[in-house]
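> Below, each chain spelled out in residue letters.
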Amino acid sequence: MTHRTQAPSGDDLASSPLAGPPPVRVEPSPPPASRHHRRGRLTRRQRLSAWDVKLSPYLYISPFFVLFAVVGLFPLAYTAYVSVFDWSLLGGKGDFVGLQNFEDVLGNPYFLKSLVNTISIFLLSSIPQVVIAVSLAGLLDTHLRGRTLWRMSILLPFVVSPVVVAIIFGNLFGDTYGLINQALGYVGIEPIQWHTNRFASHLAIASMVNWRWTGYNALIFLAAMQAVPRDLYESASLDGAGRVRQFLNITIPMIRPTMIFVIITSTIGGLQIFAEPRLFDTTLAQNGGSDRQFGTLTMLIYDFGWHLRDLGRASATAWLLFLLIVVIALVNFLVSRRLNALGGRR
Amino acid sequence: MPAILAESDAFVDLTDPSLDGRWLDFKAAAATNSDGQMIGYGTDAGPEGICYRSDLFEKAGLPTAREDVAALMGSWDDYFATGREFVAAVPGSAWYDSSGGTAQAMLNQVANPFETDDGTIDVENAGLAEVWDAVTGNVADGLSTTLPQWSEDWVASFQNDGFATMACPGWMLGVVEGNAEGVAGWDFADAFPGGGGNWGGSFLTVPQQSDHPEEAKEFAAWITAPEQQAKAFAAIGAFPSQVDALEAPEVLEVSNAFFNDAPVGEILSHRAAAITVQPFKGPRYSDILQAFQAAILRVDDGSNSPDESWKTFLSDVSQLS
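From first to last, the protein sequence lines stand for chains A and B. Numbered per my numbering, the first sequence spans residues 1 to 346. Numbered per my numbering, the second sequence spans residues 1 to 321.
The following block holds chain A by itself, in its conformation from the complex (with noise of 0.2 Å):
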């Protein structure tokens, strides 16, 4: 009885040779008030202990959150700073202007000449792209020969950095001498201009973030597909589903999750999209073609602050697209909710 005083934790309570205890004393869970007699008397490692189970998790996910604070949330911080003072690219920090950046930048010309060029290009990158992905990923979740290593090549242009996939198309999207104005030209179809053309230099910077894109959101996808049970697909077949049945109403339902996962990533990357159009540009005195036919939003803020050196004009422009972003990103979520909703009913 004397050990048992001295050493009063709940394991000793229940296991204890020496208390010789009729059956109903080794219950699990103390009585209350013996719980709370005994926490008073913890023993220093005791409550370091408890400490550590309650906030070691934290600590252990701290590093994200740490390192986010530092290269995310400081940034934008810092950058909302920025963006009500005229701020110089060389010279620093000048007057207080309050929001006055914000109504140059929304009074420019060529900030909805951008944000134009930011959606269109991000439609026709986006869309393709998950279509694609999820018809590839489709035919690469069957019994194929080899298939290791068609899996693995789709995602051989996500290897290749954008900045020589832009130098590689460029090539083919010359509007003189490039590869494909010139194959046009031998079956007598007028060439296409390419740079100037404010639709055609969109194609053509869309086709490059699919060429590059479209491989690693089929292997997402593929993943996705290949967690779909077996046994769905026996009884479909059973039913008399084809193939193409099978895809649209087993696999596709199955997968929206991860859709979505791509969807709302492919939405912020479509957004901030700028070394495709940036390297698109003939020569890098331009800035999205003679006429802003294909700048987008992130190379406005290139252009304030890199050429007119006007870090506060950047910086607000910054903000603003950020604040798109959020506004895209929360309708994503409410109508994917509202999808998730309409899945589960079903």
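Hints are supplied without guarantee of correctness; some may be wrong.
[Stated by the list, open to error] Calculated lysine to any residue pairs in the SDA-like style (CA-CA distance at most 25 Å, straight line):
| id | chain 1 | residue 1 | chain 2 | residue 2 |
| --- | --- | --- | --- | --- |
| 1 | A | K113 | B | S318 |
| 2 | A | K113 | A | L330 |
| 3 | B | K311 | A | D104 |
These aren't lab readings, by the way, just hints derived from the structure by calculation.
Starting from the known structure of chain A, arrange chain B on it as the hints suggest.
Frame of chain A, contents of chain B only:
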């Protein structure tokens, strides 16, 4: 450099009386701010001559020898008139490489292209209008390839007999040689329409954050000395901006096999001596120049008429202040 002069506070004052007279006047002026402080030491300069394809000249029935070609290019009007003759005789080839490059060459001879001497933006002046009218007018006559300078198409045009001449600062010779690899017939004339002109060239500056500003200044002074820059020209073709280097044997003796053994060192020294005007470059010079080049390109690629494009240019410039 003009934008850097506008932020002089961020850079070390490199003024050193012992270096007075080291650089050509226009070069020293370009690195000196309104308080008379020298912020940068000039490395190279870009005196311009005319690169031309003697084989295409022959095809057009034009003279091909360097001295005879030089005689055709006394003024911009002469240069363009010869060009009209050329494009009539050789369909499929343009007269010059790009509207942008030609406009740049003409701008290099305008005293106040975009700003008045006190730095006020003024783009509606006669000098700029002359450049604009000439360059955009030539597009319809087929004198220009209408390609953006430095674009892939522009690079490809060197291999496709795309054009016959171009304004060539010294550093451009290497660019032509690289782009036109395997093409025979390039030559370099000791002439430039409208006199001399400087295009490009760099400076070394020392930022205030430097931990060793004295050593940095000393090094910059050494590397920009005539002896070193004369060697740099022999090695990589960057033409010196130092007065003494213009007479240095290492410079004068340089000839270029690709350009039909033209004595490029001697020619560029002549071209450097012919430079009389250095455009005023205020803090907004580069920004306006970029807008101006985009305006020319809108006419080149047909997305705007010259009048529309000029209006957009004025609106772009009004956004700058």
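> Which of the stated hints cannot be reconciled with the structure, identified by number in ascending sequence?
none
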